[in-house]
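A.B. asks: Chains as they are written, first to last, in UniProt numbering: chain A, 1 to 205; chain B, 1 to 296.
FYI, nobody ran anything at the bench for these hints, they're computed from the structure.
Nothing here was measured: the structure is a model prediction, and the numbers come from that model.
Heads up, some of the hints might be wrong.
Said to hold, decoys possible - Quick list of the computed label-pair ranges, beta carbon to beta carbon:
hint, chain 1, residue 1, chain 2, residue 2, range
1, A, 146, B, 4, 30 to 40 Å
2, A, 103, B, 5, 30 to 40 Å
3, B, 181, A, 193, 54 to 64 Å
4, B, 196, A, 135, 58 to 68 Å
5, B, 120, A, 195, 25 to 35 Å
6, B, 261, A, 198, 21 to 31 Å
7, A, 182, B, 106, 29 to 39 Å
8, B, 5, A, 154, 21 to 31 Å
9, B, 4, A, 151, 42 to 52 Å
10, A, 25, B, 72, 52 to 62 Å
11, A, 92, B, 72, 31 to 41 Å
12, A, 78, B, 176, 52 to 62 Å
Ideal Cβ placement from N, Cα and C applies to all residues, glycine included.
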Amino acid sequence: MTEKPVGILELLPGMLFSPFQTLRRWEVRRSFKSAFSLYLLVILVNGLSEFFTLRTPPAAELPASTGLVVFFLVAVPVALVLWFLQAAFFYLAGHLMGGRGEPLGVLSVCALAVTPQLFLVPLNVLLVLAKVAEPVVASVGLVAGLAVAVWMLVLLAAGLREEHELATGQAVLLVLIPILATVFLALLFAVVVGLIAAAGLGGLK
Amino acid sequence: MYRRVLGGVILAAIFLSLVLAAVWGRGREGGVGLGGGKVGLIYLTGVIAGEGGASPLFGSTADVRGVIEALSRAEEDPSIKAVVLRIDSPGGSAAASQEISDAVRRVQKAGKKVVVSMGDTAASGAYWVAAGADRIVALPSTITGSIGVIFETANLSGLYHKLGIQKEIIKSGPFKDMGSESRPLTPEERAILQGMVDDIYQQFVDHVAQGRHLPRQKVLELADGRVFTGRQAKELGLVDELGDLHTAVREAAHLAGIKGKPEVVELSKAPWFRRFFGGPLNGLLLPRFQEGGLKS
């Protein structure tokens, strides 16, 4: 298949308004450069908008110049590394589950799945312009953030299903594995800390 | 084609949002927006000493380094449009006062207004710091003034004699132990120290005349070391306005062109260990030679 790569201007509305159809297209998942550009655009725009509008520490307490330096030197490289690690995990775990995805395809899917974060940019600005109280801003931000996070997971599952040619259930499981593992480790940690604390308190008797 | 146009429109909308966020986001909190801005509040409390630090454990000297760091933060933070320096200090080291005063000047050079709010006392070295501010607000009963310089040394030779203590001093020059407590000052030493006191006094007078826009002669008339109440100081031109901290914040916001109620941010929050242990810990961590005993 030698289809023409899809440009970022075509990817953007596709991922925002008809993501399932877009992710189903093979040439979209092979448009790695466009997906990477879109990923960079999303993390830069979303990060900058949060930096400009956040009123809570640490962003609000940092001078603008320092904050921007930290953002570009730390947050952006960290986001890129996490993206790569995430894709590596989904590539390997997907293959262990019988998937047939390609590395660049998985990387593209992971990049495209963050697109809904762009919805938060105008929302942040609207909240600032509306001059609503801080608790309202925090509540709306939390709900919107959670909604976008869930939507990103849905898109990730859809994209990985198409790339790995997995069943929907398998793709959902693949996406949930890291989350379930994190929850399990957190619970394990809490239990271990609890046991140590209990043993320590018992020793005082 | 239609999708590309839509993509372009979305991209333009996103960048427009980002620009709005940059202009209004931090602007609303006092960043680059018109009419916004924070007022930084910095406390200068206690005796001003070179390596001070207010501490519940080791007494109350002013946290000079903390105040200077806070002033630097105000200088660099674009959201801070004005600073209120709340002073409650009887003065202290001339050099340390001068150092804080220089930091105040840097804040002003950064285009920010500095208003001093005087508490119970803002005398001597504390007035040195205050004199450079754009406005001084004092309480009617504030003790201020005391423009002058003093150098003290005790002659304990009689006590040492009674105790049978004889101090042996080996020195590289005749004036190396100048001000030693084991003997009285010689006339030459007295002249040298008087010269130093006079020089610092002239610096103090010049600083007050320049900062308060007063004729030097008038400052000299007031600078005999006496203290004034806030109300007397206002009549003499040593302070601008009578009022409390609230008045000073309002004045700072007005000078900085901040519309509406300003957001006040306390800038002089030192790390917990410095707040608790104060200057002695700083001294232990950063040992240095202690010099001079000139106080203003």
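A.B. asks: Kindly indicate which numbered hints from before are broken by the structure, ordering the numbers from low to high.
C.D. replies: 5, 6, 7, 9, 11
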